[in-house]
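If you read the sequences in order, they're chains U and L.
Residue numbers for the first sequence follow this note's numbering, so the first one is 1 and each next one is one higher.
Residue numbers for the second sequence follow this note's numbering, so the first one is 1 and each next one is one higher.
If you're looking for bench data, these hints aren't it; they were derived computationally from the structure.
Everything numeric in this text was worked out from a predicted model, so none of it was measured.
Wrong hints could be hidden among the right ones.
The calculated lysine to aspartate or glutamate pairs, modelled on DMTMM-like cross-linking and capped at a C-alpha distance of 20 Å, are [stated by the list, open to error]:
no.: 1; chain 1: L; residue 1: K390; chain 2: U; residue 2: D127
no.: 2; chain 1: L; residue 1: K504; chain 2: U; residue 2: E237
no.: 3; chain 1: L; residue 1: K662; chain 2: U; residue 2: D209
no.: 4; chain 1: U; residue 1: K227; chain 2: L; residue 2: E123
no.: 5; chain 1: U; residue 1: K227; chain 2: L; residue 2: E700
no.: 6; chain 1: L; residue 1: K340; chain 2: U; residue 2: E345
no.: 7; chain 1: U; residue 1: K108; chain 2: U; residue 2: E345
no.: 8; chain 1: U; residue 1: K428; chain 2: L; residue 2: E123
no.: 9; chain 1: U; residue 1: K227; chain 2: L; residue 2: E695
no.: 10; chain 1: L; residue 1: K261; chain 2: L; residue 2: D517
no.: 11; chain 1: L; residue 1: K662; chain 2: U; residue 2: E212
no.: 12; chain 1: U; residue 1: K204; chain 2: L; residue 2: D624
no.: 13; chain 1: L; residue 1: K662; chain 2: U; residue 2: D217
no.: 14; chain 1: U; residue 1: K227; chain 2: L; residue 2: E710
no.: 15; chain 1: L; residue 1: K667; chain 2: L; residue 2: E710
no.: 16; chain 1: L; residue 1: K330; chain 2: L; residue 2: D517
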Amino acid sequence: MKTKLKQRDCRCDGISRRDFLHLGTLSCLGVSLADMFRFQAVAGDSARRVRSPKDNSCILIWLDGGPSHLEMFDLKPDAPHEIRGDFKPISTSASGIQICEHLPRTAKVMQDVALIRSLTHELGNHDTGARYLLTGHRPTPAVNYPSLGSIVAHETGFARAMPPYLAIPNDGVGGDSGAAKAGYLPGAYAPFSVGGDPSRGDYKVRDLDAPEGVSFDRTQRRQSMLKSIDDFSRAIEEGPSTQSRDAFYEQAYRLITSPQAKAAFNLSGESAANRDRYGRSRIGTGCLLARRLVEAGARFVTVVDTGWDTHQQIFKALPDAFFPGSGKLPALDRAYSGLLTDLKERGLLETTLVVLMGEFGRTPKLNSLGGRDHWPRAGSVCFAGGGVRGGQVIGATDAYGEVPVERPVRPEDAAFTILKLLGVDPIKEYLASGNRPLKIMAEGSFISELV
Amino acid sequence: MSLGPFPVNRTERCALPFWLSRVFSAFCISLGVLTACATDGPNIGRLDFPTQILPLLTKAGCNSGACHGAAVGQGGFRLSLLGYDPESDYEAITRELEGRRIDLATPARSLVLLKPTRQIEHEGGRRIKRDSEACAKIADWIASGAPYGNRSLRVERIEVQPSDVLLERTNSTFRIRVTALLSDGGQQEVSGLALYSSNDDSLAEVDNQGAVTVRRRGVTAIMVRYSGQVAAVRVAVPFQETPLDKIEFATRTLVDEWVLKELKRLRLPPSPLSNDSEFYRRIHLDLIGALPTEADVRAFLNSPRDAAARERVIDDLLASDGFIDFWTMKLADLLLIHSKRLGDAPARAYYSWLRRHVASNTPLDKLVSELLTAQGNAAEYGPANFHRLKQDPRDMADYASRALLGIRVACARCHNHPTDRWTQEDYHRFAAYFARTTVDGQTVSLNTHGEVLHPKTNQRMNAKPLGASEPSELPSDRRAHFAEWLRSNENRALGRALVNRVWKELMGRGLIEPVDDLRVTNPASNPALLEALVSDFIKGGYDLRRLVRTIAASRTYQLSSRANEVNRLDDRLFASAYAKPLSAQVLADAVSQATGIAGDYSGYPEGTRAVQLLDPAVQSYALDVFGRCEREAVCESAGQSGGGLSQALHLINGPTINGKLKQAVAKYLDANRPMPEIITSFYFATMGRSPESHETAQWETLVATSDRAEALEDLLWALLNSREFAYNH
Numbered sequence: 001m002k003t004k005l006k007q008r009d010c011r012c013d014g015i016s017r018r019d020f021l022h023l024g025t026l027s028c029l030g031v032s033l034a035d036m037f038r039f040q041a042v043a044g045d046s047a048r049r050v051r052s053p054k055d056n057s058c059i060l061i062w063l064d065g066g067p068s069h070l071e072m073f074d075l076k077p078d079a080p081h082e083i084r085g086d087f088k089p090i091s092t093s094a095s096g097i098q099i100c101e102h103l104p105r106t107a108k109v110m111q112d113v114a115l116i117r118s119l120t121h122e123l124g125n126h127d128t129g130a131r132y133l134l135t136g137h138r139p140t141p142a143v144n145y146p147s148l149g150s151i152v153a154h155e156t157g158f159a160r161a162m163p164p165y166l167a168i169p170n171d172g173v174g175g176d177s178g179a180a181k182a183g184y185l186p187g188a189y190a191p192f193s194v195g196g197d198p199s200r201g202d203y204k205v206r207d208l209d210a211p212e213g214v215s216f217d218r219t220q221r222r223q224s225m226l227k228s229i230d231d232f233s234r235a236i237e238e239g240p241s242t243q244s245r246d247a248f249y250e251q252a253y254r255l256i257t258s259p260q261a262k263a264a265f266n267l268s269g270e271s272a273a274n275r276d277r278y279g280r281s282r283i284g285t286g287c288l289l290a291r292r293l294v295e296a297g298a299r300f301v302t303v304v305d306t307g308w309d310t311h312q313q314i315f316k317a318l319p320d321a322f323f324p325g326s327g328k329l330p331a332l333d334r335a336y337s338g339l340l341t342d343l344k345e346r347g348l349l350e351t352t353l354v355v356l357m358g359e360f361g362r363t364p365k366l367n368s369l370g371g372r373d374h375w376p377r378a379g380s381v382c383f384a385g386g387g388v389r390g391g392q393v394i395g396a397t398d399a400y401g402e403v404p405v406e407r408p409v410r411p412e413d414a415a416f417t418i419l420k421l422l423g424v425d426p427i428k429e430y431l432a433s434g435n436r437p438l439k440i441m442a443e444g445s446f447i448s449e450l451v
Numbered sequence: 001m002s003l004g005p006f007p008v009n010r011t012e013r014c015a016l017p018f019w020l021s022r023v024f025s026a027f028c029i030s031l032g033v034l035t036a037c038a039t040d041g042p043n044i045g046r047l048d049f050p051t052q053i054l055p056l057l058t059k060a061g062c063n064s065g066a067c068h069g070a071a072v073g074q075g076g077f078r079l080s081l082l083g084y085d086p087e088s089d090y091e092a093i094t095r096e097l098e099g100r101r102i103d104l105a106t107p108a109r110s111l112v113l114l115k116p117t118r119q120i121e122h123e124g125g126r127r128i129k130r131d132s133e134a135c136a137k138i139a140d141w142i143a144s145g146a147p148y149g150n151r152s153l154r155v156e157r158i159e160v161q162p163s164d165v166l167l168e169r170t171n172s173t174f175r176i177r178v179t180a181l182l183s184d185g186g187q188q189e190v191s192g193l194a195l196y197s198s199n200d201d202s203l204a205e206v207d208n209q210g211a212v213t214v215r216r217r218g219v220t221a222i223m224v225r226y227s228g229q230v231a232a233v234r235v236a237v238p239f240q241e242t243p244l245d246k247i248e249f250a251t252r253t254l255v256d257e258w259v260l261k262e263l264k265r266l267r268l269p270p271s272p273l274s275n276d277s278e279f280y281r282r283i284h285l286d287l288i289g290a291l292p293t294e295a296d297v298r299a300f301l302n303s304p305r306d307a308a309a310r311e312r313v314i315d316d317l318l319a320s321d322g323f324i325d326f327w328t329m330k331l332a333d334l335l336l337i338h339s340k341r342l343g344d345a346p347a348r349a350y351y352s353w354l355r356r357h358v359a360s361n362t363p364l365d366k367l368v369s370e371l372l373t374a375q376g377n378a379a380e381y382g383p384a385n386f387h388r389l390k391q392d393p394r395d396m397a398d399y400a401s402r403a404l405l406g407i408r409v410a411c412a413r414c415h416n417h418p419t420d421r422w423t424q425e426d427y428h429r430f431a432a433y434f435a436r437t438t439v440d441g442q443t444v445s446l447n448t449h450g451e452v453l454h455p456k457t458n459q460r461m462n463a464k465p466l467g468a469s470e471p472s473e474l475p476s477d478r479r480a481h482f483a484e485w486l487r488s489n490e491n492r493a494l495g496r497a498l499v500n501r502v503w504k505e506l507m508g509r510g511l512i513e514p515v516d517d518l519r520v521t522n523p524a525s526n527p528a529l530l531e532a533l534v535s536d537f538i539k540g541g542y543d544l545r546r547l548v549r550t551i552a553a554s555r556t557y558q559l560s561s562r563a564n565e566v567n568r569l570d571d572r573l574f575a576s577a578y579a580k581p582l583s584a585q586v587l588a589d590a591v592s593q594a595t596g597i598a599g600d601y602s603g604y605p606e607g608t609r610a611v612q613l614l615d616p617a618v619q620s621y622a623l624d625v626f627g628r629c630e631r632e633a634v635c636e637s638a639g640q641s642g643g644g645l646s647q648a649l650h651l652i653n654g655p656t657i658n659g660k661l662k663q664a665v666a667k668y669l670d671a672n673r674p675m676p677e678i679i680t681s682f683y684f685a686t687m688g689r690s691p692e693s694h695e696t697a698q699w700e701t702l703v704a705t706s707d708r709a710e711a712l713e714d715l716l717w718a719l720l721n722s723r724e725f726a727y728n729h
């Protein structure tokens, strides 16, 4: 099995010494000092801090189905009711920034959040939209692009006991889109799906513990018996396939036998107070688990929360659903604010990028069922931590939340930025299947206002 | 694409904002210090843009996918990928930007020269030297008025010399000579302008003038591209300097003749014949996807063991129901049979239709033809489902060409194929075959209208097969013409794709890899063998069982998987058997067989094997982590997409193995057999062989000194987790 992937020198290389020189020489031609600083803040990140962005981790909270910007982060109180809907904006800890009344806890942490209100693209289906956002590439039949997490995993490798890329509970996003998977990268870079429902009291990650009745001694005996059989049997020649199989067995044993890594999957290590802070919902426990995994060495954790496809009864579904307070927003509110606060208290926010997004926004005009349909032309994304400057809004939509009127941000830009903030060079070249040279990101640019 | 009044910030990637670079270049030019080229042109008379200027830009990398050839161009300047569309490139160069890319009055001030020679800022760096012939030629062309030239002149094809090279030692070098044959009958030597790339850089390097240096022993190919045409140069270096061993074996089928010829040429000594238990396990896993039973292995080992005995085993397996189940599954993977997408009844009809044809050994070309021309109610007539997979005729073309012909044409949807000869027009004309199929729910019917339009010219595309001449007339069912073309005598495309896939299933590696990327520039590792097999396959009437038999009865198939010192380096000439990881369903079935406890597949009768499942809709975590083909798209190779870490964890700790151990061991203990016999049975059940005496002794000691049942469970666990179990070798 020949590996499909090798790195290539990039011809049209981007950020480099050359660019720096030019900024230097060209400042007389009108590049402002502020631009210079902003530029250096990105490129010179590693020089200023002890940790480099390569040590940064990312928790991506994926709101599957398409979260409504108009009910969350981009309210239009002055628009007619059929646009504005039922919810009212409230002020936040970031002066001048208002968000939805059903996100009161989030309002208190907005000083740490950079809110992008101008995400825009054209793909209004769940699968294609999710692929676009999670890979940074408009889907095409010719190339199966890898997810951002898989790229980060590829750049990280498997040296630690904790896998580099995990999905909570699994990588099923945007229907069967495969958007969170490894694309043209080898399957090893697909996320490790923890599976199950972390919010259940008896939650356990599948296959992490020895089967019932098998003691630690027997686990060790089995391992040594296996080694003895494999060492003796010369029927199988060494090759890429056996090497990768052996590597996964090794990684599995590292994980199984690392009390620290294993403990990260066990939520009973958390105090009741902290569990309550995140909320006992799926998304709340998912975020809490994500924090534990990042703490234990994971680099990219995707927390998938389903149910955001609110075509009907949006003003009931989002806050209340079955009974008052049981909807999507209160759960997200606790989970998101709990995560940011907890990370901050632990000194992890600086090195953990938290991204909150879904595949698209929703139609500004309410439909006849009191819901909103798919609307890729405008949506909101929140960035926090990982060196991001909080308390700011980037971009704006028009009076009805239909299209960006300021600073449009494309999925390519969001992807480019996430990679950059994690210390991955977004324009590095890979060879995809068929030896096709591809930059990780062919388009997109850094959202420089973020830092 | 720019949106809204605010340009997308590109400071990360471009040194200069676009407007700034313009200010800067204007500033530089106004200084009047620049001359475009350091040398005067050779004054070559009339220069045509498509055949003489554009190749210079292609050679310089200007229109590569990473630069201006990207779909969105680069820095506001967009060229067609590798120059496939000379007319639009000509427009871009001579008309866009108010014609400032060329300066007819002062050619030296043309941006098209100042940029690549890096006399003014250019993000792509210096691509053309000022003192080069290329620079002078472009300047001359501009000075002569930048004519487009002869609009009908095209490069028809290219010829390379040599096309097949055997070099004696590593670090030796040779040069490729490339000749372009033009549509007006003329010829042009273009060795300096062609693009070269090695299919394996670690084996052979090629520089940009076509000089090849081989770095290690083995075979590979150099891909040559010029003006939309492609060719390949095969390069080989023998595996040893002098033939140390006599390379000879008795040939059994036509496979061996061609393999042996290549092994001799490359001085590659083959491994010996596999032993009988290795052969017996291998042929069962390959032909019926199941392990042989202990009783069968013992019986085989006790019978006369010659080539004829092995052939009898092959024939018995070819005639078994196991063969039908297993090969139906393989074909169902290719046809993406899935009840979730097709609906329950249609998926069942599709599967039954397929299984019936595999059972009756229908010629595969006939089966393909039935697929292509199918119409009717998909719940009653299975093959109609083929057309329900994709709505858009282009998606259908992508799928059909990949699944049936093993070629990837999707690149040519948006631009000419960069590594094959397909043009954008070829692609859309091929897609036109599927433009009149209408799918309404479960019903597939033909329409009298429906066309595919060329995305650039909006012209209606007349259906034409890929790489064939113009059809004289199309039947009302266009697809019938395509099917007829596929089955015509001179057409080897379908046969080649099928032979290559079947070869891979049995040999672990396609003669061409990947098996769905067949193209001129990706030659087979043993082209003569592939072509001989294709001829035989077509002559034999596209007979699947006959093909399997030709391969499986060969000595090549039956070689040991143990490599020798020399052939350890070989991974494509089949000097030894290559170990294959068990595919998902086969692995799950093997665990069930070895433990004697069937898998649990809800909705199916007890004892159903995983290879008998109709589709992946049945829930099974084990099959998921073992990497079953999800049938969302054509799977590159079963078992290769396995879940890595999740799979390892599941095999170590999961219930698929652990849940069966106690019960399995209890059965052996109940029979009250002596310990060495139980241990021997474990080995037969998992490895298809008896244990070595020291293995029996080692485990006997262990069992004697600890809890008997637990020790046996642990032994069975270790055998089921072993590499030898997990591979077909």
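Outcome of the hint check:
1. Of the pairs offered as hints, the one joining K390(L) and D127(U) holds, with about 16 Å between alpha carbons and a cut-off of 20 Å not exceeded.
2. Annotation: proposed proximity of K504(L) to E237(U) holds, straight-line Cα distance about 18 Å (limit 20 Å).
3. Our distance criterion of 20 Å between C-alpha atoms is met by K662(L) and D209(U), whose separation comes to about 18 Å.
4. Under the criterion of a C-alpha separation no larger than 20 Å, the hint pairing K227(U) with E123(L) is inconsistent with the structure, at around 54 Å.
5. Between K227(U) and E700(L) the CA atoms are separated by roughly 17 Å; this keeps the pair inside 20 Å, and the hint holds.
6. Proximity of K340(L) to E345(U) is assessed by CA-CA distance (about 47 Å); at most 20 Å being required, the pair is judged violated.
7. Under the criterion of a C-alpha separation no larger than 20 Å, the hint pairing K108(U) with E345(U) is consistent with the structure, at around 15 Å.
8. A C-alpha spacing of about 15 Å is found between K428(U) and E123(L), which places the hinted pair at or below 20 Å, so the restraint holds.
9. Simply put, K227(U) and E695(L) have alpha-carbon atoms about 13 Å apart, close enough for the 20 Å limit, and the pair holds.
10. At roughly 26 Å between alpha-carbon atoms, K261(L) and D517(L) are farther apart than 20 Å, so this suggested pair is violated.
11. Taking the CA atoms of K662(L) and E212(U), the gap is about 12 Å. The hint holds against a cut of 20 Å.
12. Between the alpha carbons of K204(U) and D624(L) the distance comes to roughly 19 Å, so the proposed pair stays at or under 20 Å and holds.
13. Restraint check for K662(L) and D217(U): the C-alpha separation of about 18 Å stays at or below 20 Å, so the hint holds.
14. The hinted pair formed by K227(U) and E710(L) meets the criterion: a straight-line CA distance of about 18 Å does not exceed 20 Å.
15. Between the alpha carbons of K667(L) and E710(L) the distance comes to roughly 14 Å, so the proposed pair stays at or under 20 Å and holds.
16. For the hint pairing K330(L) with D517(L), the CA-to-CA distance comes to about 18 Å; that is within 20 Å, so the pair holds.
In the structure shown, a violation is registered for the earlier hints numbered 4, 6, 10, in ascending order.
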